Amino acid sequence: MDAAALGLVRRARWRWPEVVLWLLAYAALLMPPGKFLILNEIAILALFALSLDLILGYAGIVSLGHAAFFGVGAYTAGLLAKHVTGDPLAGLLLGAAVATVVGFATSLLVLRGSDLTRLMVTLGVAMVLGEIANALPGLSGGADGLQGVTMGPLLGCFDFDLFGRTAYAYSLTTLFLFTLLARRIVLSPFGLSLMAIRRNPLRAGALGVPVNARLIAVYTLAAAFAGTAGALLAQTTAFVSLDVFEFHRSADVLLVLIIGGAGWLYGGIAGAVIYTLLQDGIAAFTPQYWQFWIGLLLVAFVLVGRQRLVGGLYAMLGWARRR
Amino acid sequence: MVRRQLAAALAAVALLSSAAQAEDAVKVGLILPMTGQQASTGKQIDAAVKLYQAVNGSTAAGKKIEVILKDDTGVADVAKRLAQELVVNDKVAFLAGFGLTPIALAVAPIATQAKVPEVVMAAGTSSITDASPFVVRTSFTLAQSAVPMAEWAVKNGINKVVTLVSDFGPGIDAEKSFTERFKSDGGTVIESLRVPLRSPDFSPVLQKAADAKPDAVFVFVPSGQGAQFVKQFVERGLDKSGIKLIATGDVTDDDQLNGMGDVVIGVINTHNYSAAHDSAANKAFVDAFKKANAGMRPNFMAVGGWDGMHLIYEALKMTGGATDGDTLLAAMKGMAWESPRGPISIDPQTRDIVQNIYVRKVEKKDGELYNVEFATIPNVKDPVKAAKK
Numbered sequence: 001m002d003a004a005a006l007g008l009v010r011r012a013r014w015r016w017p018e019v020v021l022w023l024l025a026y027a028a029l030l031m032p033p034g035k036f037l038i039l040n041e042i043a044i045l046a047l048f049a050l051s052l053d054l055i056l057g058y059a060g061i062v063s064l065g066h067a068a069f070f071g072v073g074a075y076t077a078g079l080l081a082k083h084v085t086g087d088p089l090a091g092l093l094l095g096a097a098v099a100t101v102v103g104f105a106t107s108l109l110v111l112r113g114s115d116l117t118r119l120m121v122t123l124g125v126a127m128v129l130g131e132i133a134n135a136l137p138g139l140s141g142g143a144d145g146l147q148g149v150t151m152g153p154l155l156g157c158f159d160f161d162l163f164g165r166t167a168y169a170y171s172l173t174t175l176f177l178f179t180l181l182a183r184r185i186v187l188s189p190f191g192l193s194l195m196a197i198r199r200n201p202l203r204a205g206a207l208g209v210p211v212n213a214r215l216i217a218v219y220t221l222a223a224a225f226a227g228t229a230g231a232l233l234a235q236t237t238a239f240v241s242l243d244v245f246e247f248h249r250s251a252d253v254l255l256v257l258i259i260g261g262a263g264w265l266y267g268g269i270a271g272a273v274i275y276t277l278l279q280d281g282i283a284a285f286t287p288q289y290w291q292f293w294i295g296l297l298l299v300a301f302v303l304v305g306r307q308r309l310v311g312g313l314y315a316m317l318g319w320a321r322r323r
Numbered sequence: 001m002v003r004r005q006l007a008a009a010l011a012a013v014a015l016l017s018s019a020a021q022a023e024d025a026v027k028v029g030l031i032l033p034m035t036g037q038q039a040s041t042g043k044q045i046d047a048a049v050k051l052y053q054a055v056n057g058s059t060a061a062g063k064k065i066e067v068i069l070k071d072d073t074g075v076a077d078v079a080k081r082l083a084q085e086l087v088v089n090d091k092v093a094f095l096a097g098f099g100l101t102p103i104a105l106a107v108a109p110i111a112t113q114a115k116v117p118e119v120v121m122a123a124g125t126s127s128i129t130d131a132s133p134f135v136v137r138t139s140f141t142l143a144q145s146a147v148p149m150a151e152w153a154v155k156n157g158i159n160k161v162v163t164l165v166s167d168f169g170p171g172i173d174a175e176k177s178f179t180e181r182f183k184s185d186g187g188t189v190i191e192s193l194r195v196p197l198r199s200p201d202f203s204p205v206l207q208k209a210a211d212a213k214p215d216a217v218f219v220f221v222p223s224g225q226g227a228q229f230v231k232q233f234v235e236r237g238l239d240k241s242g243i244k245l246i247a248t249g250d251v252t253d254d255d256q257l258n259g260m261g262d263v264v265i266g267v268i269n270t271h272n273y274s275a276a277h278d279s280a281a282n283k284a285f286v287d288a289f290k291k292a293n294a295g296m297r298p299n300f301m302a303v304g305g306w307d308g309m310h311l312i313y314e315a316l317k318m319t320g321g322a323t324d325g326d327t328l329l330a331a332m333k334g335m336a337w338e339s340p341r342g343p344i345s346i347d348p349q350t351r352d353i354v355q356n357i358y359v360r361k362v363e364k365k366d367g368e369l370y371n372v373e374f375a376t377i378p379n380v381k382d383p384v385k386a387a388k389k
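Each protein sequence line maps, in turn, to chains A and B. Position 316, counted from 1, in the first sequence is what the working numbering calls 316; the numbers after and before it change by one each time, with no gaps. Position 20, counted from 1, in the second sequence is what the working numbering calls 20; the numbers after and before it change by one each time, with no gaps.
It is worth saying that the hints were derived from the structure and are not from the lab. Here the structure is a predicted model, which is why all the values come from computation and not from measurement. Mixed in with the good hints there might be a few duds.
Listed next, the in silico DSSO-like pairs over lysine-lysine satisfying Cα-Cα at most 27 Å (straight line) [said to hold, decoys possible]: (1) B:LYS64 <-> A:LYS35; (2) B:LYS91 <-> B:LYS115; (3) A:LYS35 <-> B:LYS27; (4) B:LYS115 <-> A:LYS82; (5) B:LYS183 <-> B:LYS388.
Part of the chain A face toward chain B, derived, beta carbon under 8 Å [stated by the list, open to error]: (6) GLY34; (7) ALA143; (8) ASP144; (9) GLN147; (10) TRP290; (11) ILE294.
Don't be surprised by glycine CBs; every beta carbon is placed ideally from N, CA and C.
Build the full structure now, drawing on both the sequences and the hints.
As structure tokens, then:
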């Protein structure tokens, strides 16, 4: 085995903080009801951020329109449940599949140009899709949202309850499986080639990495992840509105990823936890002015520097490992 | 042994305290858009709810009424999550607020599932009360305003109209019910224009409306967008083209009316509430509201919030403090009272509001613009649901 392969094997080893994180997340299911809904929201946002991380953190594709795929997945799952079948897994798969197709089709657009072009193109794609949904009120429900989505029981026996316990278990398991998948992908030679492209596309190409093919592959994959997150939202809230395509969704997920740290498998999860809890906590105190405090905290956060905060965490982990 | 006793004692204390809490306080989950495009709606209703509690005390039927305000940011799935949390965590006895139709509709299944009354204080699409047997409305429906507008227009020599509405539930309701009545009374609708709800640009549709050369343009835009609409109406020169502006009262919203300037003087509109409504109840309401909110004038959203609180208080008094959904609903159905807007009641069949609709004209009084009422159509039921039967 050569050095690079050895390095991958070493990095792919499971660390105990990871195991503890997942155990804790699942242990939360045993809690008395009351917090499942927000946990469910966090799990969905984390999956969405993980999807963005694949293209931004690993492949270096900046996007301001990632909600496009989230929305496609949400509407697909919602429409399927409304008109065909309420089976959640079927909706999840179809949502991911349709988002994959849209992702593949639009990946050809992001190949062109620089970061700025990509920002504009991704933003445009999301706006176009949102406007299509807006212009087809018969299909999408228009500004009133898609009404009459009824979900069947999960796996035929777990109903989606008012407390959201089933919803959280469902979203968490989906997040877990997709994190495993993402972990496998980024810790492979394919993942290494993505990072090479992010650092220097020209050089990666000169080394024999098929840059465009890799970018198309990862963009399509990320679209599938985002579509799955959208489908989860549609199914666990039994509702879809035009809001799933809105700019603020794309912007929020970018914020989440920046808070948590891009290019790190758990960045999306960490960011989703921090962002959602902050927003919920502050909004409980001041429903009118919470955005002010979130804004202030974000500025402070960026000024202090995530590296310093996360670096501190790493140092602690390193210390724990050495012992 | 000691440990077991301690555990039992703790459990007993926990039980007692939760039972005591349940007996002492009745919680009302108030879900409003406090940020985002519809923030003005949230601000008005929140202020009215606070005022109601300040004027009438915070207890009813011997119980403390505790209002928990949540910001839905105008987004339906957030509102749905908040409603679920309020029901599950805070054990609210009422869900109230709901600034926009999609939000009221998204929360309706939770009201049904949890058997919690959903008091709609703002949203105005007719179908909301059909979405759950636990929905009660204290605001208005668009058809209630639009139908009298159509009747008035035909009687006053307006024969050709272009309609212009926001493209969502209430707008489509307004367009449909106006058009139906206007046509059946002998008028012609030349063109039906719609603008998107979010970040609308009125210029292109106003140009189309001007090109069609109607007698009047009939307009609905939700509360908060009226000022922007009027600005573009003037910029396009429609005010000088001889085309009349007729509207539902959402457009000449009391909250923004003064900022629209003198161009709106003479605009005829129909609605359920004007801050200039001539009654002792309204005068007291407007004075108290202005005093408590640094001079802000209450609009029809505020009065919807005020009456929603009244409904909650009176229902609790009737049930003697019982908070199960079915009993509360039974108490609310058919309830009638004198609101700042005039006499209103809850239709026992549809759980929708029955109220007077006023034909008003924008006039200047004491240097301020007001919707001055000059005709009353008494006890209007929602025409959409009335037509279904």
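Results for each hint:
Distance restraint check for LYS64 (chain B) and LYS35 (chain A): the Cα-Cα separation of roughly 26 Å lies within the 27 Å cut-off, and the hinted pair is therefore satisfied. As the CA atoms of LYS91 (chain B) and LYS115 (chain B) are separated by approximately 12 Å, the hinted pair is consistent with the 27 Å bound. This hinted pair checks out: LYS35 (chain A) and LYS27 (chain B) have alpha carbons roughly 19 Å apart, not beyond 27 Å. Proximity of LYS115 (chain B) to LYS82 (chain A) is assessed by CA-CA distance (about 24 Å); at most 27 Å being required, the pair is judged to hold.
Restraint check for LYS183 (chain B) and LYS388 (chain B): satisfied, since their Cα atoms lie roughly 19 Å apart, inside the 27 Å limit. The closest approach between the C-beta of GLY34 (chain A) and any C-beta of chain B is roughly 5 Å, which is under the 8 Å cut-off, so the hint is satisfied. Taking 8 Å as the C-beta cut-off, the interface hint given for ALA143 (chain A) holds, the closest approach to chain B being about 4 Å. With its C-beta approaching chain B no nearer than about 5 Å, ASP144 (chain A) sits inside the 8 Å limit, and its interface hint holds.
Given the 8 Å rule on beta carbons, the hint for GLN147 (chain A) holds: about 6 Å separates it from the nearest Cβ of chain B. The interface hint given for TRP290 (chain A) holds, since its Cβ lies 7 Å from the closest Cβ of chain B, which is under the 8 Å cut-off. Given the 8 Å rule on beta carbons, the hint for ILE294 (chain A) is violated: about 11 Å separates it from the nearest Cβ of chain B.
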